[in-house]
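Peer 1: Each chain, letter by letter, is given below.
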Amino acid sequence: MNFEWSEDDARFREELRAFLDAELPPDWEELSRHGPGSDVQAAFSRGFCAKLARRGWLTQSWPREYGGADATPWRHAILSEEMWRRGEPRGSQYMNVNWIGPAIMKFGSEAQKRTHLGRISKGDVLWCQGFSEPEAGSDLAALRTQAVRSGDDYVVTGSKIWTSYVNGAEFCFLLVRTDPASKRHKGITVLLAPMDAKGIEVREIPSVVGERYFHELFFSEARIPADCRLGPEGEGWDVVGYALAYERVGAMRYARAALMLDAIAAHAAARGLAGDPAVQEKLGAARATVEAARLLSYRVIDLRARGSAPTADTNVARVAGTLCENAVSDLALELFGPGALEYGHPGDAYFRLAMTAGVAVGTTEINLNLIASRMLELPRE
Amino acid sequence: MDFEFSDDQRAILDAAEALLAQHAGPARAAEKGAAGEYDYELHAALASAGFSEVALGPGTGFLEATLLCRAVARAGGSVAYGAGALVAPAVAGRALPGPVALARADDAAPIRFGADAKTLLLDAGDEARVVRLEPGAAARVRTNFLWPMGRVAVAPGASTSLGPGSGARMRRWWRVALAAELVGCMESALAITLDYVKRRRQFGRAIGSFQAVQHRLALATVMLEGSRWLTYEAAALGAPDESAALAAAHASDAAQLVFRETHQLTGAMGYTREHPLHVFSMRLAALRHEMGGVAAQRREVARARWALA
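Residue numbers (the numbering used here), protein chains in the order written: chain A, 1 to 381; chain B, 1001 to 1309.
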């Protein structure tokens, strides 16, 4: 048991921080407050990821045969921490690297690998994901967007909702039902759908989270070439299961929370509240949730580094991450004071970033269900 | 980074758990706890097997002592393992005659193991002080919290200083020991409750199959797991100020949730002396008030992290 970073890993983090200091523009903090879906951040991520790719860091965790460096999961975690800490300048491209690319490596045809992996590893392509539907949220297997085979195409009809990162996305990792008679997990198929296909319409759903955060995708007999299918027809559920297990704790969101909490504490001290026992207590309790989330995420990385199969430790880490974001965002409004109500204030920006933590990428309830069944072995009945 | 026990650590823990299975356990803890008695037999068994001296090696250290502290608490040991085998060697650099009790110099409240301690370790601010207790120096205190407790009267001038800075060192390791005991007690309280909700049937089904029950136990598990890793990290890094305070603060928060939920979910049965939950739940309730309680632990985090004071 050892809780210290190796010298190599510590050096890597230092290099990464120096790179970020040099590459992020002086107004980056301000830009990043518009949120990951904004025009400005989507555009920025392209140039930024290309630079990250040239340093060999973008897909360092990928196998060498696909242009990676076989970096350890710990390296991958450091990269994710440093990126989240600074407001995730990779934008949506973290998804490409974390799970879309690996899913293509595992299930893709040679042509798909050639088309997509090279572009992802160069950092010049944006993806979105089409999972949720109006009637299929936590209950993802209830999805009904239909894809009917017609010659060399699938004809897709239906809609997806709550899609983020549509801004500038060229491809969608799309879940469809190819067998209309199928139920639940059977008959689902993954399409790597080009977003410029005719019959795909995008509509933003305005929200309080931020600019272009949510979208609805409408498919009106959109023709998606059949060679865009990832893996066998009807076995998309397994593809998604693999992809999301691979993702595990992909986004080290607590790193942002930690930085924000430091800023909140500094602000509180500047307001003369350093000696206020109630303020000290709240900050101390929040800090503990941040550090618990960090260690529980590390536990998942540790298991992955050992090559173990995914466990419910991932769900434990996710719930802990949500507790941490909730605690810090509460304090962001409370201790920054009314100034944090102004759009673009650091407190406002963090509050918006954190408010979806318990819902995005699997709700807290689903994570608690999985902890109960897989870790605590409580009966379903 | 490595989150697994080494083979040596595993072997030590296995041996300790075998000993604890023989000399400790909830039934014995319930009996000792009800009578307010110190478990001298377990104390002697741990000492003669060498478990009381792992903190100062060779080949073992404070992390191993912390792991054992958790194991003793989880087994319901009615002994001052954390104080004697972890805090005392960390502060004094050597073992002190046990049982050892820990106290704050300005606090006359009853303390755990106060009635049985041979040595009192005092947090006197900048320095820690050692007091050799004569028989009769302490009065046993009746308590419902399952720890043997006593009120100790220390004559002024009867103590020896362990040097400048030893007070902070004592508080840091006291927090780690406390966190390890909280984690051990929480593990047992939750395990007992899980077992209960899987067996107990109402409305024709195990109550553990209700989502309302599952979510609460799952959330308690999240808090426990976070406390466990914070405790291990603090111990492995040598109890840095912030790390030690984080472990104690988070484990104290978790303990409150675990106390409430385990009692809620075991119903009336959980309050009885025949059911083992009370040993761990009542001990948890007491532990989270040690050292000034959860508020003080949280404030220590703020002081250590941001120098807020």
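FYI, nobody ran anything at the bench for these hints, they're computed from the structure.
Fair warning: there could be bad hints in the mix.
[Stated by the list, open to error] Output of the computed footprint for chain A on chain B, the stretches with three or more beta carbons under 8 Å from beta carbons of chain A:
id	stretch
1	1002-1014
2	1045-1053
3	1135-1142
4	1199-1213
5	1227-1237
[To be verified] Short, incomplete list of chain B residues facing chain A, as computed with Cβ under 7 Å:
id	residue
6	L1056
7	T1060
8	V1130
9	R1132
10	I1192
11	L1194
12	A1218
13	V1222
14	W1306
We put the CB at the ideal spot given by N, CA and C, even for glycine.
Peer 1: So, for every hint listed, does it hold in this structure?
Peer 2: Status of each hint after checking the structure:
Three residues within the 8 Å Cβ limit are the bar, and the stretch 1002-1014 of chain B against chain A gives 6, so the coverage statement holds. Coverage of the stretch 1045-1053 of chain B by chain A is violated [criterion: at least 3 residues with CB-CB distance below 8 Å; count 0]. Chain A is given as covering the stretch 1135-1142 of chain B, and this is violated because 0 residues of the stretch bring a CB closer than 8 Å to a CB of that chain, at least three being needed. Check result for the stretch 1199-1213 of chain B against chain A: holds, 6 residues qualifying (beta carbon to beta carbon below 8 Å, three or more required).
Only when three residues or more bring their CB closer than 8 Å to a CB of chain A does the claim for the stretch 1227-1237 of chain B stand; here the count is 7, and the claim holds. A cut of 7 Å between beta carbons decides the hint on B:L1056: the least distance to chain A is about 19 Å, and the hint is violated. Using the Cβ-Cβ criterion of 7 Å, the hint placing B:T1060 at the interface with chain A is not satisfied: the shortest such distance is roughly 12 Å. For B:V1130, the suggested interface contact is broken, since its CB lies about 30 Å from the closest CB of chain A, more than 7 Å.
Hint status for B:R1132 relative to chain A: violated, with the closest Cβ pair at about 36 Å, above 7 Å. For B:I1192, the shortest C-beta to C-beta distance to chain A is roughly 13 Å, which exceeds 7 Å, and the interface hint is violated. At a threshold of 7 Å, the smallest CB-CB gap from B:L1194 to chain A is about 6 Å, leaving the interface hint in force. Because the beta carbon of B:A1218 sits about 4 Å from the nearest beta carbon in chain A, less than 7 Å, this interface hint is met.
Annotation: interface hint on B:V1222 holds; nearest CB of chain A at approximately 5 Å, less than 7 Å. Using the Cβ-Cβ criterion of 7 Å, the hint placing B:W1306 at the interface with chain A is satisfied: the shortest such distance is roughly 4 Å.
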